[in-house]
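Undergrad: Sequential numbering from 1124 applies to the sequence shown in the numbering used here.
In short, the hints are calculated from the structure, not lab data. Positions of the beta carbon are idealized from the N, C-alpha and C atoms, including for glycine. Treat the hints loosely; a few may be bogus.
Beta-carbon label-pair distances, calculated as ranges [claimed, not checked]:
{"id": "1", "residue 1": "ASP1166", "residue 2": "PHE1409", "range": "25 to 31 Å"}
{"id": "2", "residue 1": "ASN1373", "residue 2": "THR1605", "range": "55 to 61 Å"}
{"id": "3", "residue 1": "LYS1822", "residue 2": "LEU1923", "range": "34 to 40 Å"}
{"id": "4", "residue 1": "ASP1412", "residue 2": "GLU1174", "range": "21 to 27 Å"}
{"id": "5", "residue 1": "LEU1923", "residue 2": "GLU1174", "range": "34 to 40 Å"}
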Amino acid sequence: MGIDLVWFLPIHPIGMTNRKGTLGSPYSIDDFRAVNPQYGTMDDFHRLVSEIHQLGMRLMIDIVFRHTSHDCTWVKDHPEWYARDEKGNPIALVPEWTDILDLKFEGNEETLWPELIDTLKFWCENGVDGFRTDVACCIPMEFWHRARRAVSEVNSRCIWLAESVWFTAIEGYRAIDGLVNTDAELYQTYDLCYDYDVYVAWRAAVQGAIPIKSYLELVRLQSVIYPKGFVKMRFVENHDQDRVAYVCRNNRFKALAWTAFNAFNKGCFLVHAGQETEQTKVSSLFEKDWVDCRQVHPLEEFTRKLIQIKKHPVIKAKGARLTLTHHSPCIVAVWEVTSAREGLIGLFNVAQESNDEQFVQISNLPAGNYENLFVDLGVNELLKDESRIISVNNNGKLRVPIVATIFHYTGILLRPQTFYTKSYNQPKISLNASWNLNATTFANEDLVGRQPVGIHINTDDSIYVADHQNGYILVWNNGSSTSTRNISGNLINPWSLFVMINGDIYVDNGHSNNRVDKWMFNTTNSEPVMTVHGSCTGLFVDNVNNTLYCSSASQHHVVKLELNNENRVPILVAGTGCPGPGHRVPPLLRLPAPSLRLLPPTPSLAPVRYTNKLVLAMHRLNRFKLRRAAQRNMKMGLFLWMPNIPANARWLQNGETVAAGNGRGNATNQLYYPYGLFVADNQTVILADNGNHRIVEWKIGDTKGQVIAGGRDEGNRLDQLKRPTDVLIDKETDSIIICDRGNQRVTRWSRAIGTTQGEILLDNIDCFGLAIDDESFLYISDAEKDEVRRYKMGDTNGTLVAGGHEKGDDLNQLNFPTYIFIASQQSVYVSDEHNHRVMKWNNGATEGIIVAGGQGQGQSPTQLSYPEGLFADTLDAIYVADYGNHRVMRWLKGATQGTVIVGGNGQGLASNQATNKSLLRVKVWIYGGGGYVGSTSDPLYNGCGIATNAIVVSKNYRLGPLGWLTLGPPASFTGNYGVLDVFMALKWVQENIASFGGNNV
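Work the whole structure out from these sequences, hints included.
TA: Set out below in structure tokens:
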């Protein structure tokens, strides 16, 4: 059928105590590393895995780490691993789950966690390619971070699917447990999450309880509240929910239309076992659910075709984008590749009530031939139109069969505004328009100054004027002679402006401030969105493509910026930068080269030489901190990369944040798991923003960073990155070199203005750390091969300089090497992370020397716990970020124990603490639930209030029977629950604020 990934429900032995039904629940597990004897043996499992792989598919199994059966041996052997009631009895936190006992993750980090992580590695070693993790949202995120990191040692391409939950379930979990992760948090570690956040709304839309338009708004909202590149598992049924044939049991064709839409939608499509048989009975996990696989079922070909279309080159193409609109009775979905002038248009008849084919009037549909991809289904009753090619003229009519139609078109460009809006907020003027020759003055020099330049008229005929002389924006509503708004604030000689449909204003502020600002509708604050060199004499925003254009008379060019790009530097689209008719391309501008040698690439911990500071990457806190040495009269060492720090130097214990510190997120003032960093001589910090798949540059004193590589969703294109772990500056080529670990490659990006993509230096390498010496040799740690190699630029083989003798703890071995530092004479220091030590390998040596740690994992002065960033000074003292112990240690040459110089005060959020937790604001968001009042069509909620850098306590303020978050029919809800919701939200905050470093008093 074209399936890529097979997912098995739990395959383990099932407990007998309180067994549910005949079979028992597969989620009541006796032994996590065994196969249920009713299914076969481990040898049978191996044969099955082999056959799945031979068929070109991958295997995912269900992992249930939240609980065990009553009969699991852990109940007796490790009673401390279980949650207990006030009387000390093990319990299930969900009372209805009587056949299981819940595990307790808090306090068992050193015992239970390794056992569970080793279980994951066990199944990877037995051929499993991925994990669907049950109730993943109710297990600490730190566990999942640690688990994924460990599993990557066995299978770096393991697939992770989280069972996430809908909003009301989050409320319920927090009421009884106090621990639940939202999808936005789960995406820190997971590749995929369930589509439950819109599932309840989908059920309501199917039943006619809410408009389809409201459901689509929630689907579109996902792209706002989740990280770029997020992937949802789209489904219309699963083992926990009713079958779609049952949900739509009174209208078979509606079930098929919704199935087709979910398959066509962005994300991964789930084909539930037996879905193609159209079973209407409600499934039970605890009894046999027979599916007759011997006969051909009517919907097999239908499902196969959906999967085939899912893999269409248009959907998989670089730059493909999806637009969703509602054009009654259909959902209209368009996948389009604008550069190739090619696309797919899907019309899904989800609201039809008859069994007749229908026409949908699509305005402005380009004339051309549209290839119907849905004609060869072998299910003739679904389609009355059997023609392969449909010609469309300018009347824009498309025929929609009973269920759905998907067309493929080439050679034309089907703009999204075809369906719902224009791409710009300006009036449409008839070609036959004529003007009154007598004008009316509504503003004079006293009001708009002597040089009013920029004027914008929107679709409502409101007039916006840029007062160039006084630095104001003035607004007149249609027909009014009095200004209704006066916008000001650090605007200097604005030339131009552009107003969006939603009321946001983009205004030129380039005369002195070299930028374009954005003023949000009905706010008094602005934010810079584009960096320019001089004034923008003209501005234009393409609303559909979300692109800002600036024409500069002084620079003789036009530039553009995609507004969803964190990098504020635009690209040239017209002009040469020189006046005149010539076509000569001007030379690229380059950033000024540092006047002194750059500091060494010391990810997670790097010294700034002249002011004796430490920059500490706190990638669980999503910020960088700078700490100053108490003694300042230090001399520079002869080796310019290595400072001479006296043995009695001390550091102030309260650091200052130099980058981010505004919670996790993808805004320009935020980071999302920062890893390696590089500090230039001018104290500019360049860091690998791992979770945002980008490289960000922070200049000293800046409150926002600048994206200089990646930041265009995760991916393997040359303009993309995937979970980069390290970065450094190559001064000779004025470029940055990036360890693009998620793509198993090392790339180089020019630092020239306008650079939009990198080049691959090395491929098929599990790179983690980078370093460069004074002879421009590149050093790379390979976490999979447990080695460090030195490369001459252009060399793809390299020379082994550390490790390379398989995984181990002997002196010639490494175990997951991460960050590296190059000292004089090309000696290499390596953070041997999983051996909890730092090794020094002299040039040409076959064995290393332990210079820090090496006494097992621990927190004593002789031990380290998962060391990461490091550097050495001229006295061979080692400075290492002791990640697991939340501290920075210094080990003098020859010392058998180190001293704590930063942190060591436990895990926390204070300025004198290191942490691996995320600093998040707690935001209580009481919203309307998407209901509708009276005859209005305006929803009561505004999803734009959600931020990924906040813990959102989402409470549904239900007004009588309204609200799409209800599980039953609307008529079953009465009363006003708003006050209760507010108290529940605040109660949760009080109970949980301490875990985020706050005060619950």
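Undergrad: Give a verdict on every hint.
TA: Right, here's what the structure says about each hint:
1. Between ASP1166 and PHE1409 the beta carbons are some 28 Å apart, a value that agrees with the proposed interval 25 to 31 Å.
2. The given range of 55 to 61 Å is respected by ASN1373 and THR1605, whose C-beta atoms sit roughly 58 Å from each other.
3. Roughly 38 Å separates the CB atoms of LYS1822 and LEU1923, a value that falls within the hinted 34 to 40 Å.
4. About 23 Å separates the C-beta atoms of ASP1412 and GLU1174, a value consistent with the hinted range of 21 to 27 Å.
5. Hint check: LEU1923 to GLU1174, Cβ distance near 39 Å, so the stated range 34 to 40 Å holds.
Checked against the numbered hints above, the structure breaks none of them.
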